[in-house]
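Q: What follows is each chain in one-letter form.
There are 2 protein chains.
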Amino acid sequence: MTTTRTTSAGSRTAAKPRKRRTPEEARSVILDAAEARLQKLGLEGLNVVGVAEDAGLSHASVIHHFGNTAGMRQALGERMTQALLSDLVGALKSDTQPQKILAAVFHAMVGGGHAKLLAWRALNDSDSELPDEAVQRLFKELIRRTGERFGQQDATLIRNNLLLIASSAIGLGISGNALPALLGVDEIDNNEFADWLAHLLLDDDKTCT
Amino acid sequence: MTTTRTTSAGSRTAAKPRKRRTPEEARSVILDAAEARLQKLGLEGLNVVGVAEDAGLSHASVIHHFGNTAGMRQALGERMTQALLSDLVGALKSDTQPQKILAAVFHAMVGGGHAKLLAWRALNDSDSELPDEAVQRLFKELIRRTGERFGQQDATLIRNNLLLIASSAIGLGISGNALPALLGVDEIDNNEFADWLAHLLLDDDKTCT
DNA sequence: ACCGCTATCTACATTGGTGTCAATAAGGAA
DNA sequence: TTCCTTATTGACACCAATGTAGATAGCGGT
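Residue numbers (our numbering), protein chains in the order written: chain A, 1 to 209; chain B, 1 to 209.
Don't read these hints as lab results, they were simulated from the structure. Since the structure is predicted, the reported quantities are computational estimates derived from the model, not experimental observations. Some hints could be false.
What the hints assert, rightly or not - Only pairs whose alpha carbons sit at most 20 Å apart, straight line, appear in this in silico SDA-like list of lysine to any residue:
1) Lys40/A / Leu43/B
2) Lys140/B / Asn177/A
3) Lys93/B / Leu162/B
4) Lys140/B / Asp186/A
5) Lys140/B / Glu187/A
6) Lys140/A / Leu183/B
7) Lys40/B / Gly113/B
As the list claims (entries may be wrong) - Some chain A residues flagged as far from chain B (calculated, every beta-carbon gap over 12 Å):
8) Gly71
9) Ala83
10) Gly90
11) His107
12) Gly176
Backbone N, C-alpha and C define an ideal beta-carbon position, used for all residues, glycine too.
Construct all of the structure, not just a fragment, from the sequences and the given hints.
A: Given below as structure tokens:
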């Protein structure tokens, strides 16, 4: 029995006009909706039906552009990673004062929601895959610049400093307001905290010898 | 038409023996399997069918004990939170040297997978709910002890120290090996890092005045 | 041995999400 | 205009997971 597919015939409801976008536009619109849903609804919100509804098109179109759900999620992850890198590079180039750089990094990680992205990828990818080359190159650059700015030569010390900064930024971004709430503060001033941390790291260098 | 349910009649396959557990045992076995699946498969692994299979019983039994899937997940979150608190309290009581305490905290957060739990809850709960009283009490105690051990009175300084320690521990636990890999190290020695951090925080106190 | 409670099971109904397919229409090119 | 490409869509089949209900069986109490 061939399934008789309803063709044009009986559509009494006036067919609503279609909006034809370029593939780039469509992908952009879809990923915008997906990113908003990730922020608002969490991981469960990243399904093609919901994303398509928010984006204003059918879920079949989403699959058409990304192949399948996994493709959509991967594309979103890549786009957000690129945004993270862009923000970090901008923070590094913006200023020459270590305090300002730290503040910019914290702002990017915490305010921009990048930390949640990292956590999401860490939780989803069962085997934490190696970071892509772009990220690795960025960190090479970061290590070099840090060595310059902070005037430190000891590789281990630089690594510890960077590890502390990065892990703290990630932890702050993920915990959100929960951690400050535990410590009895309503909200944390990232600039102030970054300032304090910068002083802590710098002053340690010149510990009275 | 009443659905004639197949009763005992036609079962040619020998009925396999049931294992009757106490409710506590059953819940424990189920949550063990759920926790293992969370570690191995990530968030997607926390479904009743998969958990039931790993636990060695039917998914209907899981629903019987926890009401529904959300109940099972909540129970798991609560049990893991209790374990986290227990580990942290143990770390605080274990030793009097700040370095040892820090190392124990890092070990609990990173090695025990507690950080991933926190990230999971942060990502899932759309509105980050306030931490329960037990956690709040623990942190009050933590603040007090820290003030004693580190010999610091300034509240802001204590808060910054704690914030740095906690956020860094969370960030390290989540990023796993990815972050050290970026910095060119295969693995991070938590003890060594904790030692360095403790010295950093303590030495800052006695900055040459 | 008998009985009552309930943990456990199998089977089923239902839902929600995924991916496919053929038809349609929007825009550009000739 | 006419034609062609393809973005878009509704409908459908499928699957995985959830939750329900009745039947069954293990275990303790009497």
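Q: Now tell me if each hint is right for this structure.
A: Here's how the hints hold up against the structure:
1. Lys40/A / Leu43/B: Holds. Lys40/A to Leu43/B sits at ~18 Å (cutoff 20 Å).
2. Lys140/B / Asn177/A: 17 Å, holds
3. Lys93/B / Leu162/B: 17 Å, holds
4. Lys140/B / Asp186/A: Holds, at roughly 15 Å.
5. Lys140/B / Glu187/A: 17 Å, holds
6. Lys140/A / Leu183/B: Holds - the C-alpha atoms of Leu183/B and Lys140/A are around 8 Å apart, at most 20 Å.
7. Lys40/B / Gly113/B: Within the cut-off at roughly 11 Å; holds.
8. Gly71: Given a closest Cβ separation of 17 Å, the condition holds.
9. Ala83: Correct as stated: the minimum Cβ-Cβ distance to chain B is 18 Å, above 12 Å.
10. Gly90: 19 Å, holds
11. His107: Fine: 15 Å to the nearest Cβ keeps His107/A off the interface.
12. Gly176: 5 Å, violated
Of the numbered hints stated above, the single one contradicted by the structure is hint 12.
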